[in-house]
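Chemist: Sequence:
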Amino acid sequence: MTDKLNVEAAVGKNGVIPTTLSGSESIARAVIDAGARVATSYPGGPITTIVEQLIDLAPTSDLYVEWSNCEKVAFEVALGCSLAGRRSVIAAKHVGINHILDPLMTVNLTGCGAGLVILAGDDPGSYGSQNEQDSRLLGAFAEIPILEPATPDQGYRMTRQAFRLSEACRLPVMVRFVADYTADTAPVATQNRAPAARAEFSRELRWSALPALVVEDHAALHQKLKQVAKSFDQPPYRAFNNGDHSGNKGIIAAGHMAARLQQYAPHSDLSVFELGTLFPLPEEQIIAFLKGIDRVYVLEEVEPFVENQIRALAQRQGLTAKIYGKTTGHVPWEGDVHLEKIARLLTDVFGQSLDAAPAPARTYPSRQPFGEGCSYTPFFKTLQQMIVDKKIPQPIVVGETGCLVRLNNPPFEMLDVKYSMGSSIGLACGLWRSGVEDKILAVAGDSVFFHTAINGLVNAAHHQADIVVAVMDNETVALTGFQDRTGAGTTAMGEQVRQIYPEKVAEAMGIENVYTLDAFDEKAIQETLQEVFTRQGLSFLVVRGRCPFIETKRCRATEAHI
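Numbering (our numbering), first residue to last: 3 to 564.
Treat the hints with caution; some may be incorrect.
27 Å max Cα-Cα, derived DSSO-like pairs, lysine-lysine [unchecked claim]:
hint, residue 1, residue 2
1, LYS251, LYS293
2, LYS525, LYS393
3, LYS420, LYS441
4, LYS525, LYS506
5, LYS393, LYS441
6, LYS441, LYS383
7, LYS383, LYS525
8, LYS441, LYS324
9, LYS392, LYS420
10, LYS226, LYS251
11, LYS525, LYS392
12, LYS441, LYS343
13, LYS228, LYS324
14, LYS392, LYS343
15, LYS393, LYS343
16, LYS343, LYS232
17, LYS383, LYS343
18, LYS383, LYS251
19, LYS232, LYS293
20, LYS393, LYS383
21, LYS383, LYS420
22, LYS232, LYS324
23, LYS392, LYS441
Derived Cβ-Cβ restraints for the label pairs, each shown as a range [claimed, not checked]:
hint, residue 1, residue 2, range
24, THR493, ARG537, 35 to 43 Å
25, HIS465, ALA198, 44 to 52 Å
26, VAL438, THR493, 38 to 46 Å
Note that these hints are calculated values from the structure, not bench results. Even glycine gets a Cβ: it sits at the ideal position worked out from N, Cα and C.
Generate coordinates for the entire structure from the input sequences, incorporating the hints supplied.
Modeler: Okay, here's the thing in C-alpha cells:
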C-alpha cells in the first residue's frame, strides 16, 4: 500500500509543510513510522543520537529499544525479531559493524524474515574513533544492498524504503551515513505510520544454516542481487539517484557528498549524478549518464568503493569516459572530503577560482585529565605514586576504548598499549606469554568488560595468566553520553533489572584473587596494588565509584531533547 503524507504538519498552499528534522532525527522517525518492533545498538558516535531519539519516541509507538552488551548480540536480537515477522533495526558505528560480520555472513545466505535494517554510522577523518574504516566495503563483502542518503528528507524516505527492500529480497539492508549527515537539518515530509504486524514464527528449514545448503543459497543470493540492481533502476529507488546532463565533464557524488556538492552553484558545463543506491549499482542510469561524458570525477568518503565499481562497469560496457577519483589522486583518499577539497577539485576541473569554506578545525578527544571528582583518578594517582616511590615496579599498562584514553594525558601519561574494544586482557596475555619480565596491568571500563573484554578474561583464567586485570566500574557508558551499561540495573527503556557484578563473574570463572575496591579509598587501593604486583597468578580488581557527571549530563541531555 502506498504511504500517504502525514498531515500532522501544517498544510500550506502547496500541500504539506514538512517538519524540520536533523539527519539523525529523520532516520529515527523513519524507524518509528516504518513500524519497527525492535531497535538494538551499542553506544558509539555517530549512531548514539539516533538510538537516544528512538528511546525518546518509543513510548509513542510499539518500539522496544535496547542497549545491548555488544554489537554482535544487538544484531542477533534484531535478527530474532525479524524471524518472528516483525521489523527490526540494528545501529552500529563503523568499528561496531566488524562485530556483526559473523552472523551477517550467514543470514545473507538464509535470508531474513520481516524487514531487517542495519544503520551503519561512519566517521571519515576519524574524529572520534580508532580508525576511519568504510562500512560499505563490509556491506559489499556480505553481499547485501547498501543505501546512503544525501539529505535528511532522503534519509527518512530511504530508511523506510530499506525495510520494504529487505522484505522484498529477504536480505538485511545497510543504510550507511557519515557523521556530518547526522547534524544536517532540512524539511522532511513524514508519512503515515505503517500498521504493526503480528509476531508469528514460521518454522522453515532455511532458519538452520546447514553446510548442504550453502552453495545453493549462495547462488540464490547472487540472483537476489541481480534483481535488486534492476529494482534500483526503477521507481521508487530511481528517485534516490538523480542525473543531470549539462556538459561533457561530470561528477558522480555518492550519498552525503551530493549534499556538500549542492552548496556550490552548479556550473553550466558540469553534469552531476547524485547516487544514493551504492550497491549494487543502478547500472542503466549510470551507463546513460556516462555515455554523454568524456570524463567523470567520483566524490565519496572514504574508500574508492563507488569509483572502482563504476570503472569496472565502464570497462564492461566499452564506454570511453575516463574515470577519476581517489585512485588517480584527484580526490583525497584519506580523511573527510570537506568543502575546501571539493572547491579545489572544481577549480582544477574548470580552471577558475571558487570561494570555499576553510577546512574544519580537527577536534580530537580532549587532552584534559579525568574530570574533577572522577572515580578513575584516585586509582591511577595511587598507582603512579607507588611507581615513583618504587613500592612496585612500573607495569606495562594495556588500556581500552572509552574514558581510559585520558590515561594517555598529563599528569599520568601511562597508557602503553590500546587497540580495539575489549582487547586489553587478550593483549596482556600475549605480552605475558612473550616472556617479558615486566608485570602487566590490563585496565577496562565496566561497559567494555561486558562488551568483549569478558572473553579475554575467560581465556586468561583458563590459561592461568600471570597478569593483573582492573575493571573500572563507574556504572555508565560515560564517554558516549552516559548510557545505561549492561549489568548496571537499568535498561534503555527505564526498566529496573537485576545488577550483574564483574567480580561475581570472575569468581564464577574460578579466579581466586578477586578484589572489590571503593574507588575513593586510596589506602585500600595501595594495599591491594602492593599485594597483586608482588604475587604470581591472575588477579582481578573491580574499582567501583559512580561517575560524578552522570546526573548533570543526563539533565542536560533531557533539556536538549525537549
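Chemist: Now tell me if each hint is right for this structure.
Modeler: Evaluated hints:
At most 27 Å may separate the alpha-carbon atoms for a hinted pair to count; LYS251 and LYS293 meet this at roughly 11 Å. Restraint check: the Cα-Cα separation between LYS525 and LYS393 comes to about 14 Å, which is no more than 27 Å; the hinted pair holds. In summary, the hint linking LYS420 to LYS441 is supported, as the alpha carbons are separated by about 17 Å, within the 27 Å threshold. Of the pairs offered as hints, the one joining LYS525 and LYS506 holds, with about 23 Å between alpha carbons and a cut-off of 27 Å not exceeded.
Between LYS393 and LYS441, the direct Cα distance comes to roughly 13 Å. Compliance with the 27 Å bound is thereby established for this hinted pair. Under the criterion of a C-alpha separation no larger than 27 Å, the hint pairing LYS441 with LYS383 is consistent with the structure, at around 18 Å. Distance check on the hinted pair: LYS383 and LYS525 sit about 12 Å apart at the alpha-carbon level, within 27 Å; holds. This hinted pair does not check out: LYS441 and LYS324 have alpha carbons roughly 58 Å apart, beyond 27 Å.
The straight-line distance between the Cα atoms of LYS392 and LYS420 is roughly 25 Å, inside the 27 Å bound, and the hint therefore holds. Distance check on the hinted pair: LYS226 and LYS251 sit about 34 Å apart at the alpha-carbon level, beyond 27 Å; violated. Taken as a hint, the LYS525 and LYS392 pair is honoured in the structure, with Cα atoms around 17 Å apart against an allowance of 27 Å. Restraint check: the Cα-Cα separation between LYS441 and LYS343 comes to about 48 Å, which exceeds 27 Å; the hinted pair is violated.
Annotation: proposed proximity of LYS228 to LYS324 holds, straight-line Cα distance about 26 Å (limit 27 Å). The suggested pairing of LYS392 with LYS343 is violated, with an alpha-carbon distance near 53 Å, which exceeds 27 Å. For the suggested pair LYS393 and LYS343, the alpha carbons sit about 54 Å apart, so the restraint of at most 27 Å is broken. Distance check on the hinted pair: LYS343 and LYS232 sit about 34 Å apart at the alpha-carbon level, beyond 27 Å; violated.
A threshold of 27 Å between alpha carbons decides the hint, and for LYS383 with LYS343 the separation of about 45 Å lies outside it, so the pair is violated. Proximity of LYS383 to LYS251 is assessed by CA-CA distance (about 61 Å); at most 27 Å being required, the pair is judged violated. Proximity of LYS232 to LYS293 is assessed by CA-CA distance (about 19 Å); at most 27 Å being required, the pair is judged to hold. A distance of roughly 14 Å separates the Cα atoms of LYS393 and LYS383; the hinted pair therefore holds under the 27 Å criterion.
The hinted pair formed by LYS383 and LYS420 meets the criterion: a straight-line CA distance of about 20 Å does not exceed 27 Å. The suggested pairing of LYS232 with LYS324 holds, with an alpha-carbon distance near 25 Å, which does not exceed 27 Å. Restraint check for LYS392 and LYS441: satisfied, since their Cα atoms lie roughly 14 Å apart, inside the 27 Å limit. Range check, THR493 to ARG537: Cβ separation about 39 Å, and the 35 to 43 Å hint holds.
Restraint check, HIS465 to ALA198: a C-beta distance of roughly 49 Å satisfies the suggested window 44 to 52 Å. For the hinted restraint 38 to 46 Å between VAL438 and THR493, the CB-CB distance of approximately 42 Å keeps it satisfied.
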